[in-house]
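**Student:** The residues making up each chain are set out below.
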Amino acid sequence: MGLSRRTFIKTGLAGAALGACGALPPVSKWLRQSDAASDPQEKVAYTYHPPNCGGRCSFKCTVKDGKLVKIEANEWPDKRNSLVCLRGLSELERVYSPDRIKTPLKRVGERGEGKFVPISWDEALTTVAGKLKELKDKHGGKSIYLKASSGVEHPMFSLATMLGAQFTNHAGIDIGLSGGLHQITGVGLFGPMNNEVTDWVNSKTIILLGNNFLETSMTDAQFFYDAKEAGAKIISIDPSYSTTTTRCDQWISLRPGTDTALILALINQVFANKWYHEDYLRKNSTAPFLIREDDKKLFKLGDKYQVWDKNSGSFQPYDAPGIQPELEGDFAADGVKLQTVFAALREHTKGNTPAWAAKITEVPEQVIKDLAKQYATAGPAVLAWGWGGPDKWYHADSLGRAGGILAALTGNIGRVGGGVGAANHHLPGYFAPFKGWPLPKDKGFAPAKPEMPATDFPQKPNSVRAVIIQGNTLNQWLANAHQTAAWLKKLDLVVVVDIFHNDTVNYADIVLPTCTNFEMEYDCYNLQVRRNHIMMMQKVIDPLYESKTDFKIEQELAAKLGLAQYLPKTPADLNNARLKDPAPPLKGITVETLKANRYIQRLNAPWEPFRSNMNQVYATPTKKIQLYSEVLLPFGAGFPSYEEPQEASPHNPLFKKYPLQFSQAHTRYRAHSSFSNARWITQIIKEPKVEMNPKDAQKRGLKNGDLVEVFNDRGKFQARYQATPDMRPGSIRVSEGWWSKYFAAGNLQNVTNSANNPRGYPLSHGPVIPFNDTLVEVKKAGGAN
Amino acid sequence: MENRGNLKMSLGILGLLTLLGLIAWVYQLSNGLIVTGMRNVVSWGLYITSFMFFVGLSAGGLIVSSSATVFDIPAFKAVAKPAVILSTVCIILAGLFIVVDLGSPERILYLFIHPQFQSPLIWDVVVIAIYLVVSLLYLKHMTQPAPDYRKLATMSAVALPAAVLVHSVTAWIFGLQIARVSWHSALMAPLFVASALDSGLALLIIVLAGLERYSDYKVEPKLYASLAGLLAAFVAVDAFFVFSEVLTAAYPGEESVTAALGLLLSGPLAPFFWVQVVLGLAVPFVILASAANRQSKSKILLAAALVIIGVFCKRVWLLFSSFLLPLVEGAPGITLGQAPAAGAKLDMWAMAGSYTPTLVEWAIFIGIISFGGIMFIIAARRLLWAREDTARGIRIAPTAAK
Amino acid sequence: MAKKLGMTIDLKRCMGCHTCSLGCKMQNNVPMGMLWNRILTIGGEDVDTARGEFPSLEKSWMPLSCLHCENASCVKVCPVGATYRDEDGRVLINYDRCIGCRYCMAACPYNVRVFNWQKPVREPGHSYGEAPVRAKGIMEKCTLCVERTAKGQEPRCVEVCPAKARKFGDLNDPNSEVSKAIRERGGQQLLAEKGTKPQVYYLR
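Chains as they are written, first to last, in the working numbering: chain E, 1 to 785; chain F, 786 to 1187; chain Z, 1188 to 1391.
Hints were generated in silico from the structure; no laboratory data involved.
Fair warning: this is a prediction, and the values are worked out from it, not measured in the lab.
Possibly wrong hints are sitting among the right ones.
Only some residues are given here: those of chain F computed to face chain E with a beta carbon under 10 angstroms [stated by the list, open to error]:
no., residue
1, P1117
2, D1132
3, M1133
Note that beta-carbon positions come from the ideal geometry of N, C-alpha and C, so glycine has one too.
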């Protein structure tokens, strides 16, 4: 193609450019049409981009001579979504990365050492199946734990179910705030915003709380700017000067880990200035519920929570029709004093004045007051947080709750232009649940009950003896890497199913090479719903080397275990089953219609922005916004309070030894550890950098580019120091996801905090890994301590 | 004869060096210019420096020889022939430096098939071609058994402006570029001509002394003194232009110009700048300004050598002062144009330019100069001393035999 | 009237994501070690770092590729007419004509030209995108995606920009999006004082 076109150009130009410039025929005359589809050797295939970020961009891929030569945005029915980002584009190289695992491997050295020999698929699968069967027979299915990374399109859940393995355990990531918010609004996993980002144009105030939106949700950037141009005031609350901060109207830098104090002060101001929406609270929240003075539980009669009805002057069930619940007043029942949740909350936050918060957060008092006024009085307001900042702290649940309460008090939940929660890669949207694959009922197939959050496996005694890892989940997913490695070394069996030879692979006994999501043995693959659309993967190219899809691997492994007959034969079978008797948004959508529509269709859903809770019905036990949590009462936390960070606090004695707070931020350059090895991206950012304010560096005698060691009692790693005035003094940062080979030594997870907050266990999504609640010190590598 | 043995050995060594240069060039051709120290930031290097330098050396020689006829300076007529040979050789070398600098030298004929006359480079191609033809014709006429003086005079009249022009055009290659602050100067052509004059004359003096030493060619001692006097004047003019240029650049304190100037005065180019100013201008001028010194051949030769070194340094700082700083600033800078080895960390950016000639470049550089040496020796042998007696037309200085 | 194709880049929207840079790389088969379109951080010494002292900081991004000057110094200096300005105002390179003298590179005030110092190295090991393969020893740079724009499509960088910071159109058409944006936002040309009249305007 290239050659013939060049010849064409040549003849077209011959003589034309002689002695003059610009005297050429218009390009359209001499330029051969090079539309990919017009070339018989080229074909077009549609798929979507899965690895980790969750954005799920639909792609139009061009394949020439069996090779991927072009990745473009597919045309979405909602054209605003027809986007790709740098990570999507980088797949053109990453698919063909030299880091690909080419054959199944068997470990010959110690776990972690990385010594392997190639083996056949048959040997690999026979070995794995034999071990799994043995473990199941001896120790039960619960001795097997399957962990699939979020970048894996076909987790082997059916096989795990048939094995009776553990795999539904809480994973401790991206759920710190949502665990808290769930207490308030009943929000689902990861706690997405109520309103989708396209609704931001209707907002007057958008507070981004530790949310580097323009990097982590690149493909939603246009909606950020549209909102800004429509007049929304966008405020970034971030210790450091992030990419997103540069594009905001205001930046509030606070001491890391003190966000809860700031939000409590905003709540305090809402009460102090009576900016709360009284009627909204009365109707839609538990504000009028009554707290008993004795045991602090909510007052019930029978099994019904009670409120004081103004109309009848009596206690009434909170959901009784026609009542007018009181928000305030002195009530008592059976000699026990009762106080409304509303009044108790006001009392609880009385001390959380802007002056108080200013001391803790190091944000000026007036800034806090102004922020409160802006948020509460300027009109519909968004409180949008991310997952890479305040989410990854020991006490994150309190912040999630405080945020939910603030939004509720100001009527910003279930409101056009409002919303609270995680604003990430267009997560909220019209819901379209798929059916599961029907395993036979009579075989007793069921996953093991999760023994504990998976984050506890390396820390507490448990039954797990074998781990099957799909994707590089351990190295980056779990904090305190030495602890993780020690656990892995103790196990009877570690199987890693992965595309690339990354850190976790080195711990495997058997490595099974899977392929990227562009490769498959089938004509189509998985389904996903995102941004109000459903999409399916089409085969783009054949699996490279000896790699196989996760689907195929599951099937072949099941065959070795005599279980293959219960699994779908092809992904199309699975997809058909998933779309059978569909929920209304999926009506009329089948594998065939998807194929006929470039593998993407809009859900049967309204075109206006998705907004949850507009009917003011919540997924909580009371179906209302629950300002008060009985679940957390045993921890003395009916309402959220500010607590100093568990580790990264100047009040911690450890602070003397390790005075720097350590964050691991998400960047646009990777999605967790995916794209660490994407050469098109590493041409821009080639290695991890220890980002530190030059003032902190100066104290340690560091020059820009010096190789430094970051260390604490857990471990250490080495990378180059980058002079980053953006960093708040006292905090340092290394962007997360880098494989160890890109560090001069170690890995950033060697130093991170893996403590689980006991308060996290009863929460919907378990305790969060407090990655950022970490203290370290930095010194020049090789230098004296 | 002893000289003959020396000659053979010299030719042998030069031939070997030329061959090495040729091998290096073949290596460069097969691997691309990646084997040089040039990259996207500093995209011209030793070759273009040498091109400028040799155009200057060539022009200087021809200016001296042709002005002898044009302005009827009999003393200079004596050296006209070696001067023209020198000029011719130098201009061929200059052309060769362009050839080795090309990324696609197999397309060099496009310069003649598809010339684009807006380009100063085409002006240079034209002027150099004319210049080469004039030099060759001039040489031919000069070496005729019975040269036609009128023709010679006419040719000189063409050769002199051609020589001035060839170097001016070379200067305009740089001076007309608004992109590069330290090139973009109306003084660029005078600066180049001044350099051509002093370096060309200096080389001529050295070559004359060499001829004298290694052949039967004889030079009147008085001639050295008068050439030295002229050299002093040329050096002074050169210094004047450099000073004027630097002052004009420095005075307004404009940011980008000041940054470029900083490279010269105290930055990475400072060694070249100050070597030129001190060793290439000040010291030779002090030596040559003294009439007593002008009587000493060794002092004249020292001064001439310093001038040549100085002018080479000047070419270096003139060229690179425009390449080291990015024209649009911002991290990560400019891509180098070099793909990293597979699996290696990708380091393809430069925030500022840097350049060190590679061995390949040095080999080609030395090879081309050696080739020039061969050409000169052969031409000199055939045109100077072999037919010395027959070449009466040019009055060879009366043999001041010892 | 002849077209004068141009572009606007809204620096208030640009967030330095490099998507346009990689989109360009893919579209134009740009080899490793060079980029036709790169994103400069206007700030500190490294990519994505600010200048100033915390918290008084300044940081923005500026994509930079060939600006397709109306008075293009590269076109003037090319000795063989390999670099030319086409009828629609694109500054293009005839890859079969270029002799690799790199005069255009010296003449460009914006450091946007890249040279094939070696045989192009592509990762993956095959060609991609739509632009023709270039050989060792010749110059290349942004073509305003001539393969696309000649068919009426937008340049790839415009199409892929997630922030919708880029607009493409005819500067000679006063009603085009680009003309309007330049008028309304006071579009600025880079190093306008050089008089090269770039057809890419930055909106600040």
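**Student:** Find the hints from earlier in the document that the structure breaks and name them by number, from lowest to highest.
**Tutor:** none
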